[in-house]
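Starting from the known structure of chain A, arrange chains B and C on it as the hints suggest.
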Amino acid sequence: MQLTLDELARLVGGTVSGDGATLIRGVNGLGEAGPGEIAFLANPKYAPLLATTKAAAVIVADGTAVSLPAIRVKNPDLAFARAAERLGGDAWRPAPGVHPSAAVAPSARIGKDVSIGAFTVVEDGASVGDGTVLHPQVYVGAGARIGPGCLLWPQSVVRERCELGARVILHCGAVVGSDGFGYATEGGVHHKIPQLGIVILEDDVELGANTTVDRARFGRTVIGKGTKIDNLVQIAHNVSTGQGCLVAAQAGVSGSTRLGSYVVLGGQAGLAGHLELGDRAVVTAQSGVGKDVAPGVMMSGEHAVETRRHFREKAALARLPEALQELRRLRQEVLELRKKLGG
Amino acid sequence: MQLTLDELARLVGGTVSGDGATLIRGVNGLGEAGPGEIAFLANPKYAPLLATTKAAAVIVADGTAVSLPAIRVKNPDLAFARAAERLGGDAWRPAPGVHPSAAVAPSARIGKDVSIGAFTVVEDGASVGDGTVLHPQVYVGAGARIGPGCLLWPQSVVRERCELGARVILHCGAVVGSDGFGYATEGGVHHKIPQLGIVILEDDVELGANTTVDRARFGRTVIGKGTKIDNLVQIAHNVSTGQGCLVAAQAGVSGSTRLGSYVVLGGQAGLAGHLELGDRAVVTAQSGVGKDVAPGVMMSGEHAVETRRHFREKAALARLPEALQELRRLRQEVLELRKKLGG
Amino acid sequence: MQLTLDELARLVGGTVSGDGATLIRGVNGLGEAGPGEIAFLANPKYAPLLATTKAAAVIVADGTAVSLPAIRVKNPDLAFARAAERLGGDAWRPAPGVHPSAAVAPSARIGKDVSIGAFTVVEDGASVGDGTVLHPQVYVGAGARIGPGCLLWPQSVVRERCELGARVILHCGAVVGSDGFGYATEGGVHHKIPQLGIVILEDDVELGANTTVDRARFGRTVIGKGTKIDNLVQIAHNVSTGQGCLVAAQAGVSGSTRLGSYVVLGGQAGLAGHLELGDRAVVTAQSGVGKDVAPGVMMSGEHAVETRRHFREKAALARLPEALQELRRLRQEVLELRKKLGG
Numbered sequence: 274m275q276l277t278l279d280e281l282a283r284l285v286g287g288t289v290s291g292d293g294a295t296l297i298r299g300v301n302g303l304g305e306a307g308p309g310e311i312a313f314l315a316n317p318k319y320a321p322l323l324a325t326t327k328a329a330a331v332i333v334a335d336g337t338a339v340s341l342p343a344i345r346v347k348n349p350d351l352a353f354a355r356a357a358e359r360l361g362g363d364a365w366r367p368a369p370g371v372h373p374s375a376a377v378a379p380s381a382r383i384g385k386d387v388s389i390g391a392f393t394v395v396e397d398g399a400s401v402g403d404g405t406v407l408h409p410q411v412y413v414g415a416g417a418r419i420g421p422g423c424l425l426w427p428q429s430v431v432r433e434r435c436e437l438g439a440r441v442i443l444h445c446g447a448v449v450g451s452d453g454f455g456y457a458t459e460g461g462v463h464h465k466i467p468q469l470g471i472v473i474l475e476d477d478v479e480l481g482a483n484t485t486v487d488r489a490r491f492g493r494t495v496i497g498k499g500t501k502i503d504n505l506v507q508i509a510h511n512v513s514t515g516q517g518c519l520v521a522a523q524a525g526v527s528g529s530t531r532l533g534s535y536v537v538l539g540g541q542a543g544l545a546g547h548l549e550l551g552d553r554a555v556v557t558a559q560s561g562v563g564k565d566v567a568p569g570v571m572m573s574g575e576h577a578v579e580t581r582r583h584f585r586e587k588a589a590l591a592r593l594p595e596a597l598q599e600l601r602r603l604r605q606e607v608l609e610l611r612k613k614l615g616g
Numbered sequence: 274m275q276l277t278l279d280e281l282a283r284l285v286g287g288t289v290s291g292d293g294a295t296l297i298r299g300v301n302g303l304g305e306a307g308p309g310e311i312a313f314l315a316n317p318k319y320a321p322l323l324a325t326t327k328a329a330a331v332i333v334a335d336g337t338a339v340s341l342p343a344i345r346v347k348n349p350d351l352a353f354a355r356a357a358e359r360l361g362g363d364a365w366r367p368a369p370g371v372h373p374s375a376a377v378a379p380s381a382r383i384g385k386d387v388s389i390g391a392f393t394v395v396e397d398g399a400s401v402g403d404g405t406v407l408h409p410q411v412y413v414g415a416g417a418r419i420g421p422g423c424l425l426w427p428q429s430v431v432r433e434r435c436e437l438g439a440r441v442i443l444h445c446g447a448v449v450g451s452d453g454f455g456y457a458t459e460g461g462v463h464h465k466i467p468q469l470g471i472v473i474l475e476d477d478v479e480l481g482a483n484t485t486v487d488r489a490r491f492g493r494t495v496i497g498k499g500t501k502i503d504n505l506v507q508i509a510h511n512v513s514t515g516q517g518c519l520v521a522a523q524a525g526v527s528g529s530t531r532l533g534s535y536v537v538l539g540g541q542a543g544l545a546g547h548l549e550l551g552d553r554a555v556v557t558a559q560s561g562v563g564k565d566v567a568p569g570v571m572m573s574g575e576h577a578v579e580t581r582r583h584f585r586e587k588a589a590l591a592r593l594p595e596a597l598q599e600l601r602r603l604r605q606e607v608l609e610l611r612k613k614l615g616g
Numbered sequence: 274m275q276l277t278l279d280e281l282a283r284l285v286g287g288t289v290s291g292d293g294a295t296l297i298r299g300v301n302g303l304g305e306a307g308p309g310e311i312a313f314l315a316n317p318k319y320a321p322l323l324a325t326t327k328a329a330a331v332i333v334a335d336g337t338a339v340s341l342p343a344i345r346v347k348n349p350d351l352a353f354a355r356a357a358e359r360l361g362g363d364a365w366r367p368a369p370g371v372h373p374s375a376a377v378a379p380s381a382r383i384g385k386d387v388s389i390g391a392f393t394v395v396e397d398g399a400s401v402g403d404g405t406v407l408h409p410q411v412y413v414g415a416g417a418r419i420g421p422g423c424l425l426w427p428q429s430v431v432r433e434r435c436e437l438g439a440r441v442i443l444h445c446g447a448v449v450g451s452d453g454f455g456y457a458t459e460g461g462v463h464h465k466i467p468q469l470g471i472v473i474l475e476d477d478v479e480l481g482a483n484t485t486v487d488r489a490r491f492g493r494t495v496i497g498k499g500t501k502i503d504n505l506v507q508i509a510h511n512v513s514t515g516q517g518c519l520v521a522a523q524a525g526v527s528g529s530t531r532l533g534s535y536v537v538l539g540g541q542a543g544l545a546g547h548l549e550l551g552d553r554a555v556v557t558a559q560s561g562v563g564k565d566v567a568p569g570v571m572m573s574g575e576h577a578v579e580t581r582r583h584f585r586e587k588a589a590l591a592r593l594p595e596a597l598q599e600l601r602r603l604r605q606e607v608l609e610l611r612k613k614l615g616g
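Protein chains in written order, with this note's numbering: chain A, 274 to 616; chain B, 274 to 616; chain C, 274 to 616.
Chain A with its partners taken away, still in its complex shape (with noise of 0.2 Å):
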């Protein structure tokens, strides 16, 4: 496969500058590309190596200057995937069919163009939808129902009655549908409450490595339509977001909180139970949130508030260690004055 950079740049939508017939086979970093390799600048952190790079072209913003032959276009990242779409080569997927060692129930239905790999399990009354994937290891519970074009890794869960939207993506070890935590104690025992609802990852919804995502104590946990969550997050049970939220690694959620829509927690973010999270909220990596945000707010820290008072608290704290030496240096200079003073 090969294109020329003027087949390549109506493909991805811009314009090209320099030689248009320049061909194109693959896709690589600034730092990594040789020839015949498109790359692309996306953070302007890495615009020294426009000077140095070895690519044969690259895709950048519009109004970057370059002298190398170019792509220009609105949003490089977005054209880029495009391209690697193109030309980056097809991702591994097992055969099509079902591989003879995989346990799958007589009364499970299976859509048509769906590759079910080694060792997977698909119990009873479990759907699966056409062209769907099921790499080897993987585990579909009883009743669970796996919309179309689904991508699921080896080793990744769907408990029992949990179902998922259509191409979705779940990351090895990805767990969905585990029990929620939750006790009722008495008399110093904790009696485990049950956890009678479901897990509903709806479309284009996408679960990182290892992440966890609890089913409901009753009703339904959601994560909503284009959501994307990286790998060792824990959702609790009966959270629900809205579309397109973004939550990075080792995020965690807990019980019956609620993000809006296109909410971003960053990395190692927390969230306490039972909050409301507006459209359009962002909590900073590492930030603990103890109350409903508003939508478009951004919250920062160990106990967040808006980010913009929070920096002017860190940077407060900052200057206290010389704050307190001057505090003591005027105490002095007051007490001398009252001296002076008879006081």
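This list has only true hints and no planted wrong ones.
Put simply, identical chains are the same to the list, so a pair is met inside one copy or across any two.
Below 20 Å or equal to it, Euclidean Cα-Cα: the simulated EDC-like pairs (lysine to aspartate or glutamate) are:
1) K465 x E358
2) K587 x E599
3) K465 x D476
4) K318 x D565
5) K318 x E549
6) K347 x E358
7) K327 x D292
8) K465 x E433
9) K465 x E475
10) K347 x D335
11) K385 x D397
12) K327 x E305
Since the hints were made in silico from the structure, they are not lab data. Please read these numbers as outputs of a predicted model, since none were measured by experiment.
For chains B and C alone, coordinates are given in the frame of chain A:
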């Protein structure tokens, strides 16, 4: 299965207000329940839902004002858990017996009424107690001992020689008995320190999805009776806990730290190694504890101090930016006073 | 297997005090050891146990006062590790050869003296080096290369095309080569950016249970020779580390960040993306680093600063509530002085 409200009240130990003949066929949340379902109110935050719920009846704390048919109890959470166990339907479990695809070593001892799912491995000399369920794709290492009435969800792992008491629950992806993290460094090389010990999970312990408990360097890592641990928690080598501890998601306990009984760790809390936490100590979410904690004390913050002190510091920090301005003004005034006094 | 204390001292490179003919048959901790066992003292916190231990002998640092038969060495941790390797019994490993239930592709190249356990999958074109052990339920993706002498515990995963050097250890549930977290957002839709690169784990790397290392967007995510990573750690795409780094449990490293050699990350520490940490930099537990760190510098805190500065700020914060009271008193006194002066 259906019960009258009167019958259900006897089952959960409560008193009825309203029509005791109301028929109850299922359980659900206040927001989700419909005709024939009983809901409950434990968190006062959701009291407004009492006015709008479509539930047929509700379980409430003694003294709660409610116009629906209701069961009044001391502990609505516990009463609802019992109602749910009776009316919530059976949890999924694999058929009794050993699935033909499972790899069970001839030397393994398998109790009565055990279920062993597809592709599950039970290695040499391991034992599995009566009535225990090993879901598909579980791993039980050589010489491991699983007690009676345990429930190991798909893809949970118990490594060699580790021991589980009665009624232990392991959620998907939980790992019991991985090597502790220990190296002896010399000449820039980290030499692995053999981890020769085991893990003991006492009766009624529950480990969440993808939680890891490391085997001891020698001796035992011990999780005490009735301790409940949420998802993605790290328990390092040689840790021990007393009875009935509660550890929320993504918390971490470093090596050789010892927890008393009924200790509570909030989500993402972290404990340094070689500490002692007394009975009923509490560490709030995201806090980091670097020294011993006396019984009953609650600790908070980045380098945790007693929670009351922590919030006093936090409140002071919130006033700090303005206090620094005030300090500057005072300095100016003192300078002017000094001038007036010919200072 | 038993050795005299003299023989063991030669093995670990130490000098004997007390009866060199003492017979040693096993190793154990000071608190757990009994007759015939040797213990060790590395952490001075446990020195009081020297008086009560039932061990037959003990390994201590040169200069430690001890009345038991003892081996004196420079590094008791390392000496004990060597003693444990000799006397601690062999670790469990599956029988050599390929288990009949394993799914090994005909095109896979399997070295000599390899063990492959039940239900393990080795896909097309993968290679497994001499003497490597793949426990049951392991997944090795298409074209992956596993070096010689590696140890992959149950349910560890190496996705397609990733490469492991010699003597690499993967603990249960570790995932190598999951997709990096990258999307190009346009019109409210997060378009997945293909993750075309691989992961390279160099010789002697060890990854803890349920740790995740994402494949590069393009090029390589690299974990350098001899680096040891604990449980539940997240390593994002395009990260690289030098040799001999130590990463404690639940730490997270964001995309494209580069660590030098011998960098140490404490538990639950977090690093932002696109950073450089110099050789021997240290980030203490739970700290969050948002900018480059020079070689040898130790960083601490929520928005980490140099550790010394961090603790100075923390100490100032601890005095802040009282300092604010003092500030109020001073303000009052200045007002009174001003009045006296007719101000």
